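Asker: Below, each chain spelled out in residue letters.
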Amino acid sequence: MTATLPNPLREGLETRRIHDPCTIVFFGASGDLFKRMLLPSIYALRQRGTLPTNFALVGFARSKYDDDGFRAYCKEQLDQFAYDAKPEGAMWDDFAKCIRYVTADFDDTTHFEQLKQILDENDRDLKTGGNRLFYLSTPPSVFPGIIDQIQKAGLDPRSNPKGWTRIVVEKPFGTDLDSARALQTEVEKVFAEGQVYRIDHYLGKEPVQDIMALRFANVIFEPIWNRNYVQSVQITAAETLGVEGRGGYYDNAGALRDMIQNHVMNLLALVAMEPPATSNADAIRNEKFKVFASIQPPSLADVPKMAVRGQYDAGLIDGKPVVAYRSEPDVKPDSTTETFAAVKLFVDNWRWAGVPFYLRSGKRLARKVSEIAVTFKNIPHRFYGEATDEIDPNVLVIKIQPDEGVSLRFEAKVPGQKSHIRTVSMDFNYGTGFGVQSPPAYERLIADAMRGDQTLFTRWDAVQRAWEIVAPILQTWENATPTFPNYGAGSQGPHGASQLFDAWRTL
Amino acid sequence: MSSAAKAATMTFVVYVDDASLVKVAQQRAEALIEKHPARLVMVDVSASHATPEELKSTTHAQIVPDVPTVLFWAGKESVRDPNFFALNELADVLVLDSSRGSGDIESLRQLIDYFAQGRRSKVQDLAYLRLAPWQEMIATFFDDVELAPDLGKIESVEIVAGSPAEQYYLLGWLASRLNWTPDAVKHSLRTQGKPRRIYDVALKSANSTYRACIEDGNGRVVCLNVLGAKARAQHCETLHDLSIVALVEKAILRPGTSDVYRATLDAAHAFLVCAAE
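First to last, the sequence lines map onto chains A and B. Count along the first sequence starting at 1, add 15, and that's the number in my numbering. Count along the second sequence starting at 1, add 9, and that's the number in my numbering.
Only chain B is shown next, with the shape it has when bound in the complex (with noise of 0.2 Å):
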């Protein structure tokens, strides 16, 4: 026994199918595993032809037994892609971000049909933690007493984001929590600014609007208004742990898939379907 031994939390698995991502995946695996230790095995399909099973096998010989596996799917496809129900076997955490890549729409429903079919819960989707700040800001306003009642009475909502992950994610939990069918609510959800991130967002009553938004030139500080009938001076409040590091870190810490995380998704399958009807 070394006198430098290292703790070791977790095997942290990263399945990537695309050369150009492997540096930045290694990267970021090794900044998360200096502040949470595990073994981390880099999984690379790129330039391999072995099959599913031949993955998995490899992979299971390196996994550290008694901590959790965590695998972090960086891959282009996710449930079309047979490599993932194989990998996902292994794994205690699934680790993804629906809003990787082209940042079209296409992951969050191959996601949705995931659930569908009863697969394993514990999914973390990095698209769904990036909205933790905004949620915890959007709930701020109502949290004064004297706003909470307007809550019953949101007529419409409008989302600025940058990719449409967030976007619907945003909306399924603000229906999921307020109970919104989609034609019961007016909703916009506008494209715009750099993927994965969001910009501004609105809820209007009939009296009021309640707006957080990017103040800052940076993106990382929101502020918050209140305006109408019953407005409150602007508070601001700065946008953390937003890297990919911080919002795997996020997935690993959680203990499970939620119910207002399935909640969420669910009332995002319907916002969807009425859009594609």
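Pulled out of the complex, with its shape left as it was, chain A reads as follows (with noise of 0.2 Å):
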């Protein structure tokens, strides 16, 4: 660990730079995520000062390049996909100097042990400090292999004591319970807990952390937050996309692995916390497992009353006919795989017993919107009589995506001499309210994981209480099959959806 002397100069200055210098390795370098938004997000923190002065990026793949084909490659990639700046100039020479590549087969301890040479030679020329970052960018199934790799080759945390040595895991850790607990096994062989940074880069969007923010900086919402005043919430993730040439990942994974058990219940923890005692990354981790652990995973014989899964057929998105889910590439084509999940889930805590959470994602929907609606009870007396009858009750939104804010409803009194009561909304949009696009996810991970600050990333005991709860779901659905496809392609999702729950919210 580089020794940090106290520099007068750094006194009251306001600096995002990152103190600690590092390599940063991505397994994986040649694929789609590196390159449409790991490297751009790392040009992306160079280009506003962020990364620390004594910074490498090391590429690690299949494809074959020397060091300078691959920095020919990032140049190309980050001239398509850049969101910043375009490399060029003297910022872009002093980057490129920073970046080296191994062409590796991921089961060869040679290649990794060229990679130690290399992170050896970042330490010794570039001033890296011993501290590296290893980034997971590859399909999940390699992981094991890369982390016995790692071990083999000397890099493990052990072997390097003179600095930190992390490692970024994308998610899905795990198909179900068992896989997710066979890789943690073969993570922690390696790297403890305060190492590992599972990664759901929904957790580093700008309005999800705007949820923290919204509760706690505000004293008006937490006296209602509970279920005294609390009638339901839904989380939504919905798309309007299909598969996108994924269909080989999804067709394995489905709509309850890809999005519920992580994104979606992870905006469950959020709204459902506690206020955690501080900002730490523990304290507030801690909270969110309180929510999951509150949880109790449904019956097998009570899946069909609290889950509902969908698979698209052909139909309209836009105006634009689209094919079945079955008819994408890779699928299989009696695929029973999922591409909508809704479940029901209760907190089982003093603040939120009895109060539904109602969760659904899916593929192919009528419009795509992230989003929590905290819907509140309806008002107790009939004050204006049969005009009470028309009353909504207020319903406030946390909008996550396409448009990122917050909108509260209420009822309010048309002008008149008669009572008529309308419901409005009051909306509030980050985007035109504070004029600023929010950086993306992935910029902000990143430096949080070279930062050391693990707030946003999930911890195990989290990770393993969301596969626990969805299990005997999963378990249910794989022993029986499904009349599929059951949605129309541009729908609501569906029809079995609106019997788990009657009042979800129009998509």
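Check each hint, because a few of them may be wrong.
[Said to hold, decoys possible] Computed from the model, here is a short list of chain B residues facing chain A with C-beta under 10 Å:
#	residue
1	F124
2	E145
3	M146
4	F150
5	F151
6	D152
7	D153
8	A157
9	R229
10	H244
11	E246
12	H249
Honestly, the hints are just simulated from the structure, not real lab data. Every value quoted in this text rests on a predicted model; they were computed, and no experiment measured them. Even for Gly, the Cβ is constructed at its ideal location relative to N, Cα and C.
Mind docking these for me? Both chains are given alone in their own frames, and the hints should help you get the complex.
Answerer: Next up, the structure:
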């Protein structure tokens, strides 16, 4: 670890620079995630002056490049995908000097030894201080092999006492409870929990972080944020897109594994958790885990009453015809994978007892929308007589995408002598409110991992508990053949969803 | 309540006394309030004969209660203008630019006088905020543990900038952090290029030179070089957030006048006095 001498010039500076020097190694650096999201995020961090001065990037993947070839590849991708400044001039030349590459077979220890040699050279030549961040952006099936090779090549934290070693693991962390536990066993052979950054990019989105600000930086919501005032909570992550070339992956996953178990459950935790004592990572993650611990997994017998699945048929999206899921590339023609899942859960604690949380996620639905809708109870007294019958409950909607913001639905009297009550919506939109676009989630998450801040990363106990909660649903669904397809592309989802809950917000 | 209700984070009062500046000041203010929703109050006295008290009263009537009032002072004079004190009484934050206008050092001197009078302290000077990326880059040299000891051995400093307020602020900042007095360190301040821009900063010890200078024609990339006994590979950074709108935004998001700023101003004052002698 680099020793920190007091630098008197630092006093009072509002720096965003990450202090520790480091090398970041991207396993799977020739893949789609790297070129579209990770590399542009790193370059944006460099442009903003956030990366440490002594920084290096190493790509590690099967595609054949030498260092210069990989630099040229990175420049080409940044020309296409950089969202801040394009790679040019002295800035790019400076950045390119820090890029190295290993053409690798993930099963070959010699390639990991070659990586170790490069990391040692970086420590010597680029003063990266022995600090290493390994980023697994490969298919999950090779995670255990890479972790094993990291240890065999002496790249594990125990073999690197002079600096820190951390690992970022892309989701999904396992495909069910057993596989997640098996992966965790491999991970913890090499890395301690404080060195593991399980990434769920949803948690890096600005509006998701705003949930905590809305709840804990305002006093007006907290007194009514409980079973006494809240009727139900709906969490929706709906897409109009299909599988978009990811048919092979998705057909082995499905909506429950791909979205509900991680993204949507994490949103539930942020909505339902108690105020943490501090903003420290563990204080927040402790509270999130307590929420999951308070959710009882449904019994196998209850699953049909608590969960609904669906798969899209052909239909229209934005007026254009789209094919059925089973006709998508790399999808089995008789696939029983769900492209829609809706689940009803209860958080059995003092605050939320009896309040249903409805979670739904699906592809090829009528509208792209991610939001959390907190529906409050009806008014207790019909002050306006018959007009009261038309009064809708108040709804606070936290909008995550595509419009990031908050809206509150409430009732107002229509001007005039009669007592007509109308529902109005008061909207706050982060884009027009603050006039800025939120930085992409990966930028924040990569920077946090380099800083050693685990707040926005998922801890193993929470991952495990989330798998425990959905395990009975997965088991029940695997043991019964569904009648698929059961909803049209561009619709609100399968009919069964409205039997689970008859007041879903319209997509 | 309309469905398009907009949030308000402040009342933003812009004071202008030059008719030729009204339009550009309004455009910049509107750009700012797109990002930080606010009620904009333009106070244009270029064709007005209102007394300071009348001006204060009219402005006060337009202020949104419960949110801060930010006064952006774009007048030719500051403490010598009676309107300055009248409007300043309404403001929670005063934003001005010592480098505005002619670009001489007079505005900075007036600001030093203002503080010397023990006035309210929530002042943000854009000329000082403009230094931020340079402060960050100069500090970066000495984050390197092998180079950090050199910080106490700096013998001379050279600053090339387009206007003197930035030169004295940067010199004052270094002096305040490193306990320099005007006669203890050689200093060379050269005015060159566009006003309100810094071009080159060099710190020299007996064995090393630490130099940060603009590298490209657009003035957006600065390259850092350590030459001499402990030479390092060149490192380049992008200069960000130097537009007036970005600087004003920075000013309104700051909690107040920092101790570092006050110390910088005191040190800059000492160098100014020395230069005048």
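Asker: In ascending order, which of the hints set out earlier in this document are inconsistent with the structure?
Answerer: Failing hint: just 1.
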